[in-house]
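Novice: Chains as they are written, first to last, in this note's numbering: chain A, 659 to 1048; chain B, 515 to 928.
Simulated from the structure, these hints should not be mistaken for lab results.
Check before you lean on any hint, since a few could be wrong.
Here are the in silico distance ranges between beta carbons for each label pair [unchecked claim]:
id: 1; chain 1: B; residue 1: Pro-672; chain 2: A; residue 2: Gly-896; range: 56 to 66 Å
id: 2; chain 1: B; residue 1: Lys-716; chain 2: A; residue 2: Asp-917; range: 48 to 58 Å
id: 3; chain 1: A; residue 1: Glu-988; chain 2: B; residue 2: Gly-633; range: 50 to 60 Å
id: 4; chain 1: A; residue 1: Gly-1010; chain 2: B; residue 2: Val-680; range: 28 to 38 Å
id: 5; chain 1: B; residue 1: Asp-626; chain 2: A; residue 2: Glu-869; range: 50 to 60 Å
No residue lacks a Cβ here, since even glycine has one placed at the ideal position from N, Cα and C.
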Amino acid sequence: MTQRRLVAGLSLGAVAMLALAGCVANNPTDSDSTALTVDSSATSCTVSSDEAPSGNVVFTVSNSGDQVTEFYLLADDGLRIVGEVENIGPGIDRNLVIQARPGNYFTVCKPGMIGAGVDKTAFTVTDSGVDFATDEDLAAQIDAANANYKSYVKDQVENLVVGTEDFAAAYKAGDDDTARELYAPTRVYWERIETVAESFGDLDPSMDLREADLEEGQDWTGWHAIEKDLWPQDAEAGFEAYTQDKRDALADRLVSDTDTLYANVQDLEFTLDQQANGAIGLLDEVATGKVTGEEEFWSHTDLYDFQANIDGAKVLYAGIRDILIEKDAELAEQLDTEFDELQNLLDAQRIGETDFTLYTELTDDEIRAFSDQVNALGEPLSKLTGVLVL
Amino acid sequence: MVDDAKPGLSRRGLFGLTGAAVVGAGVGFGVDRVLTPEASSSGAAAVYPFFGEHQAGIVTPAQDRLHFASFDVSDISRDELKELLEDWSYAASRMTAGQSAGEFGPADGPYDSPPDDTGEALDLPPAGLTITFGFGPSLFDDRFGLSSKRPAALIDLPHFPGDALVDALVGGDLCIQACSDDPQIAVHAIRNLSRIAFGRAKLRWSQLGFGRTSSTTRAQVTPRNLFGFKDGTANMRAEDTALVNKEVWAGGSDWMAGGSYLVSRKIRMTIETWDRTSLREQERVIGRNKGEGAPLSGGTEFTEPDFSITGRGDAPLIDEESHVRLAHPTTNAGATMLRRGYNFVDGNDDLGRLNAGLFFICFQSDPREQFVPIQLSLARNDAMNEYVRHVGSGIFAVPPGATENRAIGAGLFD
């Protein structure tokens, strides 16, 4: 399935880095917000007040002009961006929610999205007594998290390349036992970084499409096409084992697609919101495909993928956890607990170090417990991006 | 098999020998329910005539509630099928007029017989009930000698990418769409029609719906689906007569002229996952804002989306994968259809998730040119696919309306 959150979040990335300049240590939901309106016309940018108490400030920006507009809150130098909201179509309202520290700022709109903007106006945030944490290290923390995640992704894809070559060789050679043994443990490297892999729109359908996702007449390639040939016992009546030519073609395609993936991930950069959304997206993958046993329809090795998605989400979460603690320690504590609970459920189905119970051997109660825990983790996890980029 | 001698279920006075004058606007039947003038156009008192050029329940202002049922015809003869349709038409003409399903009513008739109406609609107004009948492709096999009558447009739907259809929720020889502003009235209709059919046709699957998800007339405000977004803003309206004539009603001069083609899709929404999704992503997926339903290119709800407007980084304000873009006629070579769907929540599934979604219904003059290409475009690229799963499906030829002398589908047997 295509999960495009990483791509969708791209435009937010730059914003997230900058918006971190203003942040508080408390749980942001504890404080009352100040609600202001902004009217952005072709020639003016009228804010309902030129001051607000420190804490959460919500600017509801209405575009009354006839061009796409943007609204910025700039620091006292008039240049550095504290918060912004972009891509507001004519007639549309959109909120900018920020945690404003006491100080002097400027508000400005940019109808047409070009030039210096209109109506740059002084805006004062008075001291309401809300505590703010120091934020000097945040930029460095974000850089470090990005660097760590980049190397994680590259490392996983390197392992995927090697594993896929072995798997493909066994499959081509007709050594089905070995191929079956390698299938799930190799796919783990894909599933750990699934949201990244899926952000490459052409590769994902070529490598990871399930049979139900095909349209009539479409060629089926990738992992699951081979999966069906290796575990044909659940296949429809009349299903015929693939010919050697077809095996060769599928195996070669999978290897070359994996090489392409490897090349594609070499220069990726991950902003803070992309990392947070990546963790959320991986859990969504679990909720939609793995908990229901639909991903590994033939091999029933869904729990391997489940664990791998969680591995990837945990890596992402660990990378930004320190930043989260400064913003919302309670949320971090809750996420720690829920991740642990989910891991306990997975560990109970572990066989040896790397193997798992097949999905078809789970009881209804066990499946239900997984689903409930995915929801228990998913709800707080979905707050992650909002809290981090606020 | 129905016993023609049994009182209450006879339709002989209507479609058989003596014919027409009886029905009209309900005059001539015993008034056993709250009867209101036909002119009523809204609210609990609304009555929509069963007889007419087209069947009601298509361009009729979408009511709030749905009970949709699909039937398999039992091992009966062609004549018995014809009789079933006559019996159904008779009962439907009565119930839509606010009367009981049979001539005696739920609290009258022979004391040693079960009442010819189940009774839960007693004391209730008609609540805008419409009953719309359709014929599935399987009706046109060799059982009833109807294969030569199968319209070319009544295709077997292709497999669409991502389809997760459940056999028990697919297809059917016959369908009945009952819509009303009162759920009990809609259920009453399906219940009594199912009862009339026992021995001749059996329920295959059925679906309750609440909260219409589209408007079919200008006067109606746009409702919301379970994603929390307005649905059906750009739907065609009954007032768009030229468009409706072209896009909804089947042309030609055969038995389907003046009919339409209904496609139903039971679309499960993974609402738990959706609810955990940021507002940014939700609006990207839909292509409209959540509050007002305005296209992200700007304006208000009914502003035409402008797919060419770009924002930062020259990315289109309405995403390439957004639902509004992919479903829009301009993306589908002008294809459009009349949507008439309903929200559903069928309790919860084994995983403790609400079994919720949209029971999508659309009407069109030719699904090969309308539903199929639009759904193909959506199934390939719609960002919404992440959050929906098509589990049920049906396609039905909806014949033209009945008259006092001709039952629904009489043209099949000419």
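Novice: Confirm or reject each hint.
Specialist: Comparing the hints with the structure gives:
1. Pro-672(B) x Gly-896(A): 56 to 66 Å: 20 Å, violated
2. Lys-716(B) x Asp-917(A): 48 to 58 Å: 56 Å, holds
3. Glu-988(A) x Gly-633(B): 50 to 60 Å: 56 Å Cβ-Cβ, so the 50 to 60 Å window holds.
4. Gly-1010(A) x Val-680(B): 28 to 38 Å: Because 36 Å falls inside the window, the suggested range holds.
5. Asp-626(B) x Glu-869(A): 50 to 60 Å: 58 Å, holds
Consistency note: the structure conflicts with earlier hint 1 alone.
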